[in-house]
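Participant: Could you build the full structure based on these sequences and the hints that come with them?
Residue numbers (numbering that gives the first Met the number 0): 0 to 289.
One thing to keep in mind: the hints can contain errors.
Once the Cα atoms are required to be at most 27 Å apart in a straight line, the calculated DSS-like pairs of lysine-lysine come out as [stated by the list, open to error]:
{"#": "1", "residue 1": "36", "residue 2": "181"}
{"#": "2", "residue 1": "212", "residue 2": "22"}
{"#": "3", "residue 1": "237", "residue 2": "265"}
{"#": "4", "residue 1": "129", "residue 2": "181"}
{"#": "5", "residue 1": "181", "residue 2": "64"}
{"#": "6", "residue 1": "36", "residue 2": "126"}
{"#": "7", "residue 1": "181", "residue 2": "83"}
Calculated from the structure, these hints are not laboratory results.
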Amino acid sequence: MENETNKIERDLEEIVAFIALGKVIPFLGPGILGFSKNAESVPQSPEMLADRLAGLVAVPSRIRKNLWSASQYIENYRHRKTLKALLSQIFDVDLEPNDLQRWLARIPQLPLVVDVWYDASFSVALKEEKQSWGQIQGVSQAEYPGNWVKAYDWKDREVGMDAALAWQTVLYKPLGSVKPQKNFIISDSDYVEVLTEIDIQTPIPDLIKELRKDRHFLFLGCRFQSQIERTWARQIIKRSSAVHWAVLTSPLTKNETRFLIEQNIKQLDLPLDVFARKLFAYPSLALPLS
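Facilitator: If you want it as structure tokens, here you go:
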């Protein structure tokens, strides 16, 4: 039976080969911030964000660890504007991209990146490296009825979706972002609107559906412990290639294990910073770190 070290090296070789062909879509979760220089300045998981919100506004103890319910409570009892202001306070910080984010931004053929957290650090990394790029962000139906997304060019100007067709790299932020316009999909009511339509893919732009075809997703800094996390990942990778990878340390929950098997996602069981160093050192894809 193949040992774990050999399996990881074989998977890494496969990942690097597909990156060189422009066939890999990085799927970034909050955990990618864990080894940023000022990582402690922003939450790195839904649980940490829920705890941060509960430290700013009184939230019932039974829901203070549940991000989506805590956000809904604040929205109901303190108004949506208060929730947005708190999220802006938490995420509107000077967060420098880490080495892995910069390395990913330097990939020559990088048609699509998915980022499911509310910080703007990867957009900063792209600004340092590229001009032909922009981002598509999910927006709340409570604020923009009938609209699922907004698009912004690399200078943070709102543009029509047609403009995105010309970008060499699309940064897809399905949950929104603090920058440039403080878009947040976070409360239970936000998710009710999205998840009602997600099975038929309505909230996902046609361009994203096109770019994911025949490509492989590489999950970095993601967990799949909650149903919401699994649902988003499942729907975004739908109708792409048959094989994906996740850098994910054990132990896994039963739901995570089941999800990886169901979606044919290969687990690379090692810390993200260790994976990053292996990636940086890979001889056939030598991209500069600075």
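Participant: Give a verdict on every hint.
Facilitator: Each hint tested on the structure:
Between residue 36 and residue 181 the CA atoms are separated by roughly 24 Å; this keeps the pair inside 27 Å, and the hint holds. Only pairs whose Cα atoms come within 27 Å are accepted, and residue 212 paired with residue 22 is accepted, the gap being roughly 9 Å. Under the criterion of a C-alpha separation no larger than 27 Å, the hint pairing residue 237 with residue 265 is consistent with the structure, at around 16 Å. Between residue 129 and residue 181, the direct Cα distance comes to roughly 23 Å. Compliance with the 27 Å bound is thereby established for this hinted pair.
In summary, the hint linking residue 181 to residue 64 is supported, as the alpha carbons are separated by about 23 Å, within the 27 Å threshold. Note on residue 36 and residue 126: the hinted pairing holds, with a Cα-Cα distance of about 19 Å set against a maximum of 27 Å. For the suggested pair residue 181 and residue 83, the alpha carbons sit about 7 Å apart, so the restraint of at most 27 Å is met.
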